[in-house]
Amino acid sequence: MAQNNSDIKYLTPIAVDTKKKKYCRFKKSGIKYIDYKDANFLLKFVNEQGKILPRRIMGTSTKYQKKVAQAVKRARHLALMPYVADLLK
Amino acid sequence: MNQYETVFIVTPVLSADQMKEAVQKYQNYLKDNNAEIVHEENWGIRKLAYPIQKKSTGFYYLIEFKVDGQFISKLETEFKRDERLLRFLTVKLDKHAVTYNEKKRRIAKEAKEQKTEEN
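Top to bottom, those sequences are chains G and E. According to this note's numbering, the residues represented by the first sequence are 53 to 141, in order. According to this note's numbering, the residues represented by the second sequence are 50 to 168, in order.
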């Protein structure tokens, strides 16, 4: 049966490692200020434990990642977001 | 003159009158120090994301104002001394923040007007 396996042919080439280019959503949509009072929006930038997601995953530019981090930290201080959580999403 | 924004959380154990008085105190304090209050927002009682001083809810109040920078440290010491407050945060607003807040207010106002028209 090993022969059959090697004979598999695809009609269309299978997608291997077609990485989607990450982009900075703030630059793209022209957002200049990140509001720390909008906890629902900031929820997109944290994981289930309430930790801030890294730039490496989000694709945010350095400039805006700093602002995101600042906003999340402010929101935490005002108890709009938790410092530690479990199953936030 | 810079534009600032401060949010503070008052303990929920106070009565409605006491709450009003606490807010009034800071409004007067700002006015007495030549601050120009731009905007105020009452968020009411909200659930806290985590307990503060063993309380799970808090009364949120936001004031946006313009003052000289030296006044801020005075205001913050006043906040620190007040035992009715659970938390406070004063932030200096840059030009983007100011335009953002103005836009937000305008949208809220338009939505309100539309609602009244419908009724």
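Read the hints as simulated data drawn from the structure, not as lab findings. Just to be clear, a hint being listed does not mean it is correct.
To be verified - Residues from chain G that keep clear of chain E, each with C-beta distances beyond 10 Å, as calculated:
| hint | residue |
| --- | --- |
| 1 | Ile60 |
| 2 | Asp69 |
| 3 | Lys71 |
| 4 | Ser81 |
| 5 | Tyr88 |
| 6 | Asn92 |
| 7 | Lys96 |
| 8 | Ser113 |
| 9 | Gln117 |
| 10 | His129 |
| 11 | Ala131 |
| 12 | Pro134 |
| 13 | Tyr135 |
| 14 | Val136 |
Unchecked claim - Calculated lysine-lysine pairs in the DSS-like style (CA-CA distance at most 30 Å, straight line):
| hint | chain 1 | residue 1 | chain 2 | residue 2 |
| --- | --- | --- | --- | --- |
| 15 | E | Lys74 | E | Lys144 |
| 16 | E | Lys69 | E | Lys115 |
| 17 | E | Lys164 | G | Lys125 |
| 18 | E | Lys104 | E | Lys161 |
| 19 | G | Lys89 | G | Lys103 |
| 20 | G | Lys118 | E | Lys69 |
| 21 | G | Lys74 | G | Lys125 |
| 22 | G | Lys115 | G | Lys73 |
| 23 | E | Lys115 | G | Lys115 |
| 24 | G | Lys89 | G | Lys61 |
| 25 | G | Lys89 | E | Lys104 |
| 26 | E | Lys96 | G | Lys119 |
| 27 | G | Lys118 | E | Lys115 |
| 28 | G | Lys80 | E | Lys80 |
| 29 | G | Lys61 | G | Lys103 |
| 30 | E | Lys123 | G | Lys103 |
| 31 | G | Lys80 | E | Lys74 |
| 32 | E | Lys104 | G | Lys61 |
| 33 | E | Lys164 | G | Lys89 |
| 34 | E | Lys153 | G | Lys89 |
| 35 | E | Lys144 | G | Lys125 |
To be verified - Which residues of chain G face chain E? A few of them, derived with a C-beta cut under 7 Å, are:
| hint | residue |
| --- | --- |
| 36 | Lys80 |
| 37 | Leu130 |
| 38 | Leu139 |
Fair warning: this is a prediction, and the values are worked out from it, not measured in the lab. We treat Cβ as the ideally placed atom computed from N, Cα and C, and that holds for glycine.
Do the hints match the structure? See the list:
1. In this structure Ile60(G) is separated from chain E by more than 10 Å, as the shortest Cβ-Cβ distance comes to about 53 Å.
2. For Asp69(G), the non-interface assignment is confirmed: its Cβ lies about 38 Å from the closest Cβ of chain E, beyond the 10 Å cut-off.
3. No Cβ of chain E comes within 10 Å of the Cβ of Lys71(G); the nearest lies about 32 Å off, and the non-interface call holds.
4. No Cβ of chain E comes within 10 Å of the Cβ of Ser81(G); the nearest lies about 13 Å off, and the non-interface call holds.
5. For Tyr88(G), the requirement that its beta carbon stay farther than 10 Å from each beta carbon of chain E is not met, with the minimum near 8 Å.
6. Even its closest Cβ contact with chain E, about 12 Å, leaves Asn92(G) beyond 10 Å, as expected for a residue assigned away from the interface.
7. Interface exclusion of Lys96(G) from chain E stands, the closest Cβ pair being 16 Å apart, more than 10 Å.
8. With a minimum CB-CB distance of about 15 Å to chain E, Ser113(G) clears the 10 Å threshold, and the non-interface call stands.
9. Here Gln117(G) stays apart from chain E, with its beta-carbon at least about 16 Å from theirs, past the 10 Å limit.
10. His129(G), annotated as away from the interface, has a beta carbon of chain E within 10 Å; the closest lies near 6 Å.
11. For Ala131(G), the shortest C-beta to C-beta distance to chain E comes to about 4 Å, within the 10 Å cut-off, and the non-interface label is violated.
12. The claim that Pro134(G) is not at the interface with chain E is violated, since a C-beta of that chain comes within 10 Å of its own (minimum 4 Å).
13. Listed as outside the interface, Tyr135(G) is inconsistent with that label: its C-beta sits roughly 6 Å from the nearest C-beta of chain E, within the 10 Å cut-off.
14. Under the 10 Å C-beta cut-off, the non-interface status given to Val136(G) relative to chain E is violated; the minimum distance is some 8 Å.
15. At roughly 28 Å between alpha-carbon atoms, Lys74(E) and Lys144(E) fall within 30 Å of each other, so this suggested pair holds.
16. Using a Cα cut-off of 30 Å, the hinted pair Lys69(E) and Lys115(E) holds, with the two alpha carbons roughly 22 Å apart.
17. A hinted pair counts as satisfied when its Cα atoms are at most 30 Å apart, and Lys164(E) with Lys125(G) does not qualify at roughly 35 Å.
18. The suggested pairing of Lys104(E) with Lys161(E) is violated, with an alpha-carbon distance near 33 Å, which exceeds 30 Å.
19. With a C-alpha separation of about 17 Å, the suggested pair Lys89(G) and Lys103(G) falls inside the 30 Å cut-off, and the hint holds.
20. Annotation: proposed proximity of Lys118(G) to Lys69(E) is violated, straight-line Cα distance about 37 Å (limit 30 Å).
21. Distance restraint check for Lys74(G) and Lys125(G): the Cα-Cα separation of roughly 24 Å lies within the 30 Å cut-off, and the hinted pair is therefore satisfied.
22. With a CA separation close to 19 Å, the supplied pair Lys115(G) and Lys73(G) stays within the 30 Å bound.
23. This hinted pair checks out: Lys115(E) and Lys115(G) have alpha carbons roughly 27 Å apart, not beyond 30 Å.
24. Of the supplied pair hints, the one linking Lys89(G) and Lys61(G) is violated, its CA atoms being roughly 55 Å apart against a limit of 30 Å.
25. Only pairs whose Cα atoms come within 30 Å are accepted, and Lys89(G) paired with Lys104(E) is accepted, the gap being roughly 20 Å.
26. At most 30 Å may separate the alpha-carbon atoms for a hinted pair to count; Lys96(E) and Lys119(G) meet this at roughly 25 Å.
27. Pair hint Lys118(G) plus Lys115(E) holds up; C-alpha atoms about 26 Å apart against a cutoff of 30 Å.
28. At most 30 Å may separate the alpha-carbon atoms for a hinted pair to count; Lys80(G) and Lys80(E) exceed this at roughly 41 Å.
29. Between Lys61(G) and Lys103(G) the CA atoms are separated by roughly 45 Å; this puts the pair beyond 30 Å, and the hint is violated.
30. Proximity of Lys123(E) to Lys103(G) is assessed by CA-CA distance (about 34 Å); at most 30 Å being required, the pair is judged violated.
31. Distance hint between Lys80(G) and Lys74(E) is unfulfilled; the C-alpha atoms sit about 44 Å from each other, more than 30 Å.
32. A C-alpha spacing of about 65 Å is found between Lys104(E) and Lys61(G), which places the hinted pair above 30 Å, so the restraint is violated.
33. Between the alpha carbons of Lys164(E) and Lys89(G) the distance comes to roughly 24 Å, so the proposed pair stays at or under 30 Å and holds.
34. Between the alpha carbons of Lys153(E) and Lys89(G) the distance comes to roughly 12 Å, so the proposed pair stays at or under 30 Å and holds.
35. Only pairs whose Cα atoms come within 30 Å are accepted, and Lys144(E) paired with Lys125(G) is accepted, the gap being roughly 21 Å.
36. The beta carbon of Lys80(G) is not positioned within 7 Å of any beta carbon in chain E (closest approach about 17 Å), and the interface hint is therefore violated.
37. A least Cβ separation of about 6 Å between Leu130(G) and chain E falls short of the 7 Å threshold, and the interface hint therefore holds.
38. Taking 7 Å as the C-beta contact cut-off toward chain E, the hint placing Leu139(G) at the interface is violated, the least distance being around 14 Å.
Violated hints for the displayed structure, listed by number in ascending order: 5, 10, 11, 12, 13, 14, 17, 18, 20, 24, 28, 29, 30, 31, 32, 36, 38.
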